[in-house]
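Engineer: Those sequence lines, one after another, are chains F and S. Residue numbers for the first sequence follow this note's numbering, beginning at 1 and rising by one. Residue numbers for the second sequence follow this note's numbering, beginning at 1 and rising by one.
No lab work stands behind these hints, which were simulated from the structure alone. Hints may contain errors.
Here are some chain F residues pointing at chain S (derived, C-beta under 7 Å) [unchecked claim]:
#, residue
1, Ala182
2, Thr210
3, Leu211
4, Phe233
5, Ala282
Beta carbons: idealized from backbone N, C-alpha and C, even for Gly.
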Amino acid sequence: MSPDSAPARRRGAGIAWGLVGPVLLLLVAFNVFPLVYNVVLSFTSRELVGDDWRWVGGANYERVFTDPLFAGALRRTALFVLCAVGAELVLGFVLALALVRGFRGKGAVLAVVLVPMMLSPAVMGLFGALVLNGNYGVLNQILGGLGLPQPQWLSDRGLKFWSVVLIDVWMWTPFMTLIALAGLSSIPAQVHEAAAIDRASRWRVFTRITLPMTAPLLGLAVLLRATDALKQFDLVMATTGPNDAATQTLSTLLYQVVFRDGKVGLGAAFACVVLVVVIALATVFTRYLEHLRRAREA
Amino acid sequence: MRALRWIVIVLGLLFSGLPLVWMGLSSIKQRADAISQHPRWIPAAEAPVAPDSPRFEATTSAFRDLASVHAGAQASFWEHLLNSAIIGFFSTLATVALGTLCAYGFSRFRVPGEKDWLFFVLSTRFMPPLAVVVPVLLMYRAFDLQGTRLGLVVLYTVFNLSLAVWLMKGFLDEIPRAFEEAAVVDGYTRFGALVRVVLPEARTGIAVTAVFCLISAWNEYGFAMTLNSSGAVTVPAYFAGLQGNIEGMPWPQVAAGALVFVAPIVAFTVLVRSHLLRGVTFGTVKQ
């Protein structure tokens, strides 16, 4: 039964493929095949309704790269990822710093604080539209009670993008808190004791110990959130709809092109360009994971 | 420093909790109270006389209304909840079964190119649904799967495989091989050892994986609204469909429905609370 005897290994390989094969086949069928199909579609004039189409060469790509809508959506998505994930990181980390030491009722507090990230973005985005409503939203009623200005969160052109960011921050700050807490609580007590003996200032402890020791996990959290924020669709659909020039992201633009305008070929070309960006980011991400794991094993 | 710490904790609690409290309050209002210009936040037995009173008449009518069909929808909330439950249940079942077997293969056997395959599995998670929805839509049209429960079950099963494989691999790696080897020595077949020894050992991992797959299927919106906009509509797509109807959003009913919809998720979150970190990081961070 030695695992290294040649026949056993060959038999083992058979079982192994039998176990992992179905999953890999399914993933290829639903990820690789659509990818290839997308590339084919992107060279056609196919529309959502009707079977009348022809090959159009690179015309769709020409439109993608000259269309200001695409450039705008790309810029907006990048800004969204940067601002939402940045704010979530800072707020989540501060909250984790406050929560890291034990106190009575910590479990209950954590439960409340962490709940938003488990909820449905589509449903919470819709509810966010009620809370943020300029005329009867409770946020403005609170602001009014405090004597503060009451802006039109979701209809002001300059503001609605930030309102979507705000809802995203509400949903995903807990995610950063959760991961930052894990990083903070993994710092051994001896390190802090040693710092205390050396009479290191709070600031020095923070910049020389706390931050560097939690940085790898925070990096992981940022990557996970960034790849997710890049897909931003649900919140925008729930608050402003897909065709609002102030909030259109890559995903909602794709929705608009394919399902409202019915331009499947053009949408496929958009999708191909988006996928190149996503695959590049995913590569960075998986490399980082690998690096992190090797660092933890060492 | 101590005071500052508590201020941060209280602010965090309010930031996370208040919207949910408001959801609860909105669900027991009449529509007029839900969109009143004056804040109404104190439930009372009777409607107040003063128009700017913070009190409102508490009512369960929104919950009773969940059984009725609103403008802009084809069925009641409960029917859509049933769609969500059926799709969530069967896709979770399939994902966990396939994912566990696959993870067992990666954990216990030498698969050529194992690392590359595992990262391929993970990378499928980064695919924006809207970027692959066109080919999937055309495929589903060809197979008549558009607007069916089966269509979304298959899609969510595939969509969650990356999560299930990675989570289960982490859990299975923690179970010593000696357990199965001992079972094989005792006369079990490899499969027998898996079923009788490994799976019972991995039951926590299986439960945690199932909860995360269920939550992800439960909350999904992109595929749900593009593929199943007119048949087998799930709850997130149903709520979104109520937007922009002539009568305006039935806010108390939306709040009541949302409350019913998120309640199981909150319960499951509490159940897996000690594995939350693991679940959201694909099993790469363990506590």
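Engineer: For this structure, which hints from the list above don't hold up?
Structural biologist: The structure breaks hints 2, 3; every other hint is satisfied.
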